[in-house]
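Residue numbers (my numbering), protein chains in the order written: chain A, 1 to 486; chain B, 1 to 451.
Do not rely on the hints blindly, as some may be mistaken.
[Claimed, not checked] Have a look at the derived ranges for each label pair, beta carbon to beta carbon:
#  : chain 1 : residue 1 : chain 2 : residue 2 : range
1  : A       : 5         : B       : 27        : 55 to 65 Å
2  : A       : 153       : B       : 147       : 41 to 51 Å
3  : A       : 201       : B       : 16        : 53 to 63 Å
4  : A       : 51        : B       : 338       : 56 to 66 Å
5  : B       : 415       : A       : 451       : 25 to 35 Å
6  : A       : 1         : B       : 53        : 33 to 43 Å
7  : A       : 1         : B       : 351       : 29 to 39 Å
8  : A       : 153       : B       : 280       : 39 to 49 Å
9  : B       : 441       : A       : 45        : 28 to 38 Å
10 : A       : 68        : B       : 256       : 23 to 33 Å
[What the hints assert, rightly or not] Residues from chain A that keep clear of chain B, each with C-beta distances beyond 12 Å, as calculated:
#  : residue
11 : 49
12 : 73
13 : 131
14 : 194
15 : 399
16 : 431
17 : 432
18 : 469
19 : 475
[Claimed, not checked] Here's a subset of chain A near chain B, in silico, CB distances under 7 Å, partners left out:
#  : residue
20 : 164
21 : 167
22 : 168
23 : 171
24 : 182
25 : 364
Treat the hints as calculated values from the structure; they're not laboratory data.
Using N, Cα and C, we set each Cβ at its ideal position, and we do this for glycine too.
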Amino acid sequence: MPLLTIATFLPILAGLALMALPKQTARIAHQISIAATGAVFLITLAIWARGIVPDGFAQIEEFTWIPAIGAAYRLGLDGLSLPLVLLTALLFLLSAIYSARISDRAPSFVVLMLMLETAALGTFMALDGLLFYVFFEVSLVGMYFMIAGWGYEERQKAALMFFIYTLLGSLPLLLAIIGLYLGSGSFDMRVWIDAPPLTGLAAMLALIAMLFTFAVKIPAFPVHTWLPAAHVQAPTAGSVILAGVMLKFGTYGLVRFAFQMTPEAFAQAGQVILAFGVVSALYGAFAALAQTDLKKMIAYTSVNHMGYVVMGVAVAALASDPRMRTIALDGATLQMVSHGLVTGALFFLVGMVQDRAHSRNMADFGGLLTRLPWLGWAFILSAFASLGLPGLAHFPAEFQVFLATLNAAPWAIIAILAIVVTAALYLRAIAAVFLGEANPKWADLPDLDRREKLVIVPLLVLTVLVGVAPGWLIGLIHTTMTGLGI
Amino acid sequence: MLNDLSLLAPELLLAAAAMLMIVAEMARASRLVLAIGILALAASTMLTFAVLKADTTVFGGTYRIDTIAGWAKLILLPGTALALLMARAEIAGRDREGSVYSLIVLVTLGALMLSGAGDMMVLVIGVVLTGLGSFALVAYPRDDAATEAGMKYLVFGAVTGSVMIYGLTFWFGGSGSTLFSELGQLSGQTLLSIAGLIAVIVGLGYKASLVPFHFWAPDAYDGAPVSVAAYLSVITKAAAFFAFAQVLRDLPREGGWPLALALISAVTMTYGYLAALVQTNLVRLIAYSSVAQSGYILMGVVALGVSLVATPAILVFAAAYVAMNLGAFAIVMVAGRSLESLQGFGRTRPWLGGAMVVFLLSLTGIPPLFGFVGKLYLFMAAIEAGYLWLAVIGILNSVLALGVYLRMVVPMYRSADSAAAGPVGLSLAAVLALTAAATLGLGALAGFLLP
Numbered sequence: 001m002p003l004l005t006i007a008t009f010l011p012i013l014a015g016l017a018l019m020a021l022p023k024q025t026a027r028i029a030h031q032i033s034i035a036a037t038g039a040v041f042l043i044t045l046a047i048w049a050r051g052i053v054p055d056g057f058a059q060i061e062e063f064t065w066i067p068a069i070g071a072a073y074r075l076g077l078d079g080l081s082l083p084l085v086l087l088t089a090l091l092f093l094l095s096a097i098y099s100a101r102i103s104d105r106a107p108s109f110v111v112l113m114l115m116l117e118t119a120a121l122g123t124f125m126a127l128d129g130l131l132f133y134v135f136f137e138v139s140l141v142g143m144y145f146m147i148a149g150w151g152y153e154e155r156q157k158a159a160l161m162f163f164i165y166t167l168l169g170s171l172p173l174l175l176a177i178i179g180l181y182l183g184s185g186s187f188d189m190r191v192w193i194d195a196p197p198l199t200g201l202a203a204m205l206a207l208i209a210m211l212f213t214f215a216v217k218i219p220a221f222p223v224h225t226w227l228p229a230a231h232v233q234a235p236t237a238g239s240v241i242l243a244g245v246m247l248k249f250g251t252y253g254l255v256r257f258a259f260q261m262t263p264e265a266f267a268q269a270g271q272v273i274l275a276f277g278v279v280s281a282l283y284g285a286f287a288a289l290a291q292t293d294l295k296k297m298i299a300y301t302s303v304n305h306m307g308y309v310v311m312g313v314a315v316a317a318l319a320s321d322p323r324m325r326t327i328a329l330d331g332a333t334l335q336m337v338s339h340g341l342v343t344g345a346l347f348f349l350v351g352m353v354q355d356r357a358h359s360r361n362m363a364d365f366g367g368l369l370t371r372l373p374w375l376g377w378a379f380i381l382s383a384f385a386s387l388g389l390p391g392l393a394h395f396p397a398e399f400q401v402f403l404a405t406l407n408a409a410p411w412a413i414i415a416i417l418a419i420v421v422t423a424a425l426y427l428r429a430i431a432a433v434f435l436g437e438a439n440p441k442w443a444d445l446p447d448l449d450r451r452e453k454l455v456i457v458p459l460l461v462l463t464v465l466v467g468v469a470p471g472w473l474i475g476l477i478h479t480t481m482t483g484l485g486i
Numbered sequence: 001m002l003n004d005l006s007l008l009a010p011e012l013l014l015a016a017a018a019m020l021m022i023v024a025e026m027a028r029a030s031r032l033v034l035a036i037g038i039l040a041l042a043a044s045t046m047l048t049f050a051v052l053k054a055d056t057t058v059f060g061g062t063y064r065i066d067t068i069a070g071w072a073k074l075i076l077l078p079g080t081a082l083a084l085l086m087a088r089a090e091i092a093g094r095d096r097e098g099s100v101y102s103l104i105v106l107v108t109l110g111a112l113m114l115s116g117a118g119d120m121m122v123l124v125i126g127v128v129l130t131g132l133g134s135f136a137l138v139a140y141p142r143d144d145a146a147t148e149a150g151m152k153y154l155v156f157g158a159v160t161g162s163v164m165i166y167g168l169t170f171w172f173g174g175s176g177s178t179l180f181s182e183l184g185q186l187s188g189q190t191l192l193s194i195a196g197l198i199a200v201i202v203g204l205g206y207k208a209s210l211v212p213f214h215f216w217a218p219d220a221y222d223g224a225p226v227s228v229a230a231y232l233s234v235i236t237k238a239a240a241f242f243a244f245a246q247v248l249r250d251l252p253r254e255g256g257w258p259l260a261l262a263l264i265s266a267v268t269m270t271y272g273y274l275a276a277l278v279q280t281n282l283v284r285l286i287a288y289s290s291v292a293q294s295g296y297i298l299m300g301v302v303a304l305g306v307s308l309v310a311t312p313a314i315l316v317f318a319a320a321y322v323a324m325n326l327g328a329f330a331i332v333m334v335a336g337r338s339l340e341s342l343q344g345f346g347r348t349r350p351w352l353g354g355a356m357v358v359f360l361l362s363l364t365g366i367p368p369l370f371g372f373v374g375k376l377y378l379f380m381a382a383i384e385a386g387y388l389w390l391a392v393i394g395i396l397n398s399v400l401a402l403g404v405y406l407r408m409v410v411p412m413y414r415s416a417d418s419a420a421a422g423p424v425g426l427s428l429a430a431v432l433a434l435t436a437a438a439t440l441g442l443g444a445l446a447g448f449l450l451p
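Bound-form chain B, shown alone (with noise of 0.2 Å):
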């Protein structure tokens, strides 16, 4: 027991922290708040490197310190430190401005929880716990575009949880244990692990904006604060990911799930790309550009089980994810969250558009940058797994993504008219000098870096 919760520390430490932020909050001493979060995630983020090699279970095999679960830490936790940055940017002075770094803190403790869920109730319990705070912090600025995101985002999460929990029973009802790693007792029983899964689908797909539950995505993105769709758009949608993977690797390969999830990858990235071509609101694009990403990530999921390369492309696409992504919307919030705010930007300010440049090329998956190596390992997973089709897929996508990041791309260094970009601070500077560091040199060293 001692040695499970020391097995915990980052967790714990994280949920420490979380609530010590809440309290700090309570005084309205918001730097205080942000300092706690910043200082717990990068002490959990410490933590983390003693329990990374570790493959094992807690607490009866319900929860997961594994290959998985360690190095969903150490995404998730700088992911998250970056996105209170770019909070702080956003909101300093703002009445109760702590609460969004608290909460942002207990959210990514639920996404923790579902990396490492080993078991249908913890992963339910990271659902609900990403979900609601998720919620508070799309309806945060108060405003009509926001509250009805909020309520959007809410109400879509409601149903699709509830239908999740209602599936889940069915796997219980077929293997007589809410653990993960005894689905493989449902081969045979077909009917129950495909309703099972169905649900697990509608539940985590919402989380991942696959299509068709990607609704929310673009509205609940858009009325939100930039740095809220930031960190909603990579934190919860990675965990979501992480969940897949610790739900699907135990599945036997039957029922025709790699298919169906193979399918609706292929639907979401073209979908998404499609979508994103004709968005003038530079974050709805984003949004939309992320829907796509979603479906790119799915490709590994679909492969779990029968390529090696599947667990690591998860994780390497999900890393590269996470620091381009916050990079392109830390750019959105200098520049403005029109298409025309880009125009001249490059010119006028000429690092600033260098960096969108890298996270725009690295979303497209061009070499030598880290979406690239992402993208690279899904291809791999996928044609190793059989799936040769949906590669070719995901590579036709990839022209229509660059037809996308393009269009962001070429206004850049068009003529200096406009681009009266705002001033950028420390908090925000560094969240860019981050993010395109890693962009840029990650993708190289991600090779030294895999399990």
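So that you can see chain A by itself, here it is in the shape it has in the complex (with noise of 0.2 Å):
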């Protein structure tokens, strides 16, 4: 059974059998697309259960599509895609129960979020240079509809910002792909990583145009700006589908195709990456300790997460004991998951919050933990996660990452100072909303329904399963690291 187009596919097949049908409510709507992300995500747990080799991909589908310029349809996993891949159908099953309360014109958004589970799935999953810059791009439109369909008050701006900043970001990615293609002569991405096509100037050339595709995506610092504006206005499920998921597009990539396919040129310019990283990690924990709005907070810790990534993979270039190197890059594959878990439940309250008050204003709160214990705790479980405490999702990705980082290259370690900024900022998150004086306000908000622990409580199980026995995951990502042929 070909599993990883069935999975693929079948969103969108979902939402096209919405679109034809006659009578199109909203309830008709969402159980559809809970139906269809439920299934997605039970055959992503059989991809699992069948397994990954340990060294190169697995599970290869494939056929011919434009045999003239050897381009074709190929999909295939690794240790690196596949904890992605169950993320996505994770997130979006999750983001589909969330939607459920969406009752204005549901059908399409249904369907926008059913086109992004393909393209996200198809992200991960393309082993052809073309399909994957295809599924990378559709992505863009069906955000861009997102935010600017259901999102807050200046959601056509920020849409708009979104689209043109990444389109900008995406295009000199396909440059790089065409300049691997003509290196050659094939599209097949496994060939690109196998022997990189390309040399010298050329590879340097394919990587600044790769890295600032990523880097845009990722979003890196200077190239971040537009991440704060979709966010905050983006609806919930947007939000949560942007940080979890599509963020991790521009960090899967910098592994994927930065780092494997030009690995020399990655090499030289390792240092430069590194600082690029550093910077990020400070950056945006800084700018989030300057916010005031609970989801320009989170977005701008996203920036700092992805931060740690971009070291993660920097410093496997740099190292040269192949053990750190493994350990880098284990350390970045983990923490892209884990972001996309504590990050996820963190949208999801800040929307549970928004819906119940209507403002994401810290300064408006206080005391609510009293008033909302299960929202409160979530939300304190999850900051603890995403600031780092030992047991917690990000604790064993981000020890990885700077253990590495210590190793190879000192100075970096600098880095370690936004942990502090963020438990800071954190806690201050925390104290303003959360404890407190009560403010007599909210006297009559009510705490999480069953549909909202519904959603948030695998997050948070997983969250602490992540964190406390972090074992199966990093030896399901280590069996392709070590497969990187390093």
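Take the two lone chains, each set in its own frame, and fit them into one complex as the hints suggest.
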């Protein structure tokens, strides 16, 4: 059974089926959406159960597409993509469940979300450069319409900015892909990885093009400016997908393309890339500290956390000790997954606060913990995870990244300062919103209902599980990192 | 000789049909005129499949039956049929309706000659045949705007056409032959070939609306009926690029013409989008955007003779361009000519709005739509020919393009206050369905169709 293809296209087919229905009510739309994303999640579990090999790609599904230029439909998995595929399927299922409250043009919303899921799964599984680019770009269109159609006050502007930034960002990648094709005569990513086709100046140009693309997507300083606006204006499910899934396109691409396909140039530029990672991590933390809007604050912590991922990949290229390289890459990948879980939860929770109070401003709140214990404790747990508390998801990831950094490029350890800043900003947010004197204005707010608990609990459980026993996830990731030939 | 004629079956059939249409128009049987036109175009397309694999010439090398000419027919003939349906939707019941249909078919015959030209004389006939018919089509409404547009088009066309013929004489003098296949002998006679080349660039560049020969395009499109603007913007333009390919592929890559064309390409795409950014008239906006698209397709011409992808790139992009530009113009026919008329259009008419989004995203070059595949091939051709900088400019312009096309998409999904769009007749619905299906589907399938 071509499970990868089925998982990838099931969502969009469900979306088309919904469009074809003569009578599209919000109820039916959400039922289809939950059924489809649920089915996809189960299929990805089956894919996981089939396993991957320790060296290279597994579960390949392939047929010719454009024989004249050696492009084909190729899907496959390794330890880098499989965790991200699982994360994607989970976050989309939870978003579908959470979004079932949307009644305004629900069918269109659901179709866009299902289209996004196809694009996201395809991006992580594609093994053909052209196919990767197609999925990568389709996601933009879906997200543009989602923000523009269902976002908050400034949605049009934010959506436009998002679209222009990321389209401009992704076009250099197209040049790099064409360059890799002209260098090898094929669009097969496995060929590009096994025998990097470009050398010297061409490789460096391709690397710069790719770095530009992925830096915008990650987003890394200084091309991160689209992110806060898009996050703040997007509907809750949009923010979760954007932060949990789509930012990972950038870091995934950084490893899959830049690191693997132009390895020599990447190693040469390693210190510079590392510097961008460090600056992103620090800048993201300090910028988050300056925010009063909860959603914006979390958006900036994404810049910070993705900065650690960039650091991990850069350090992997710089490290001379192969063990350290593996540790750095394991850490970076683990950070991608845990960021999806933790930030996904945080965006859901802020969305829940906003639904109730119609405000995201920290100063408006106070003492919510006594009134909304579920929401409060869930936020506190996620916030502690986000600031890197041992025993929660981010810690094992960041620990590995910093360990490798200390080993390979000790100067970059200054980024650890960001953890202190993050701790400060989360503690401040928790104090302002959940502790202290209760604001009587919010006396009637209800706590999480059943559906909201259903969305948030799995994320919290996984956050703890990854934090306490990261071994199973690292083991899964590790199978490829040794297969990367390093 | 007889074999020659059988290879020309699609052209001959179309010529006969055009005559028949004029006769039928004399009887003012406009429905009959239309029916003959559509049937002839369909039959001619079918006949093309029989000669598609051929790679030969007829009449002593003056007319080519090759990959370019064959695929050009498969692009231009169905495109013309769609344009006829659009014209029907726009001018049904008006005076002299049938003459528009017959002129369109006649101009398409000229377009086929351009795409198959192997000789200077055939090229000239193609230019004149497409030109004369087009002037009349633009002036068809006979109001002030249309007459002025037609005059502008005519005068500009006459000047550029004459310059081209004048320049071709230099090539004739240098190579001693009117055949393009003999242009290789020009090697060394740089001055003559430069003069000839400049003249051809002027003549065909005018047809293709390349900067700086593009002035007529927005005015002519704006004065003409929308369906005629749609037709001119795709069919005669695509034919001009096929003619470029026929002429230049035989020319030695010396004298700097690839570089000159690359510069024109860069300027054309940039200028087209910049000008489109400030338009409020929808027809003029699309007119300038199609000037920019001409700049893109010229990238394929630049790479001729070096890159194997160059010819497929021109063909694929032309096919995509015909589908998406016709579709966008068809939406303009429904929505109205001003940018405000798109306000809320996507909300009140979700299906039409969706189709417009597909056309515009395809024009921007978003995958997996047909326009993306075309652009991808063009970029590949340019890079393979060593014009990385041109591909980079093309890519930067894609961002300008986004600005241009989002100017249309964004208001479509704002509040639904106005949008008093007219009804969509059967023929226009067919055009929209076919162009949208092509734009959506052929992108993924393009790979299987390629020569």
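Tested hints:
no. : hint                      : result
1   : 5/A - 27/B: 55 to 65 Å    : holds, 58 Å
2   : 153/A - 147/B: 41 to 51 Å : holds, 50 Å
3   : 201/A - 16/B: 53 to 63 Å  : holds, 59 Å
4   : 51/A - 338/B: 56 to 66 Å  : holds, 60 Å
5   : 415/B - 451/A: 25 to 35 Å : holds, 31 Å
6   : 1/A - 53/B: 33 to 43 Å    : holds, 39 Å
7   : 1/A - 351/B: 29 to 39 Å   : holds, 35 Å
8   : 153/A - 280/B: 39 to 49 Å : violated, 27 Å
9   : 441/B - 45/A: 28 to 38 Å  : holds, 33 Å
10  : 68/A - 256/B: 23 to 33 Å  : holds, 30 Å
11  : 49                        : holds, 31 Å
12  : 73                        : violated, 9 Å
13  : 131                       : violated, 9 Å
14  : 194                       : holds, 22 Å
15  : 399                       : holds, 39 Å
16  : 431                       : holds, 41 Å
17  : 432                       : holds, 36 Å
18  : 469                       : holds, 41 Å
19  : 475                       : holds, 35 Å
20  : 164                       : holds, 6 Å
21  : 167                       : holds, 5 Å
22  : 168                       : holds, 5 Å
23  : 171                       : holds, 4 Å
24  : 182                       : holds, 6 Å
25  : 364                       : violated, 29 Å
The structure fails hints 8, 12, 13, 25 (numbered hints given earlier, in ascending order).
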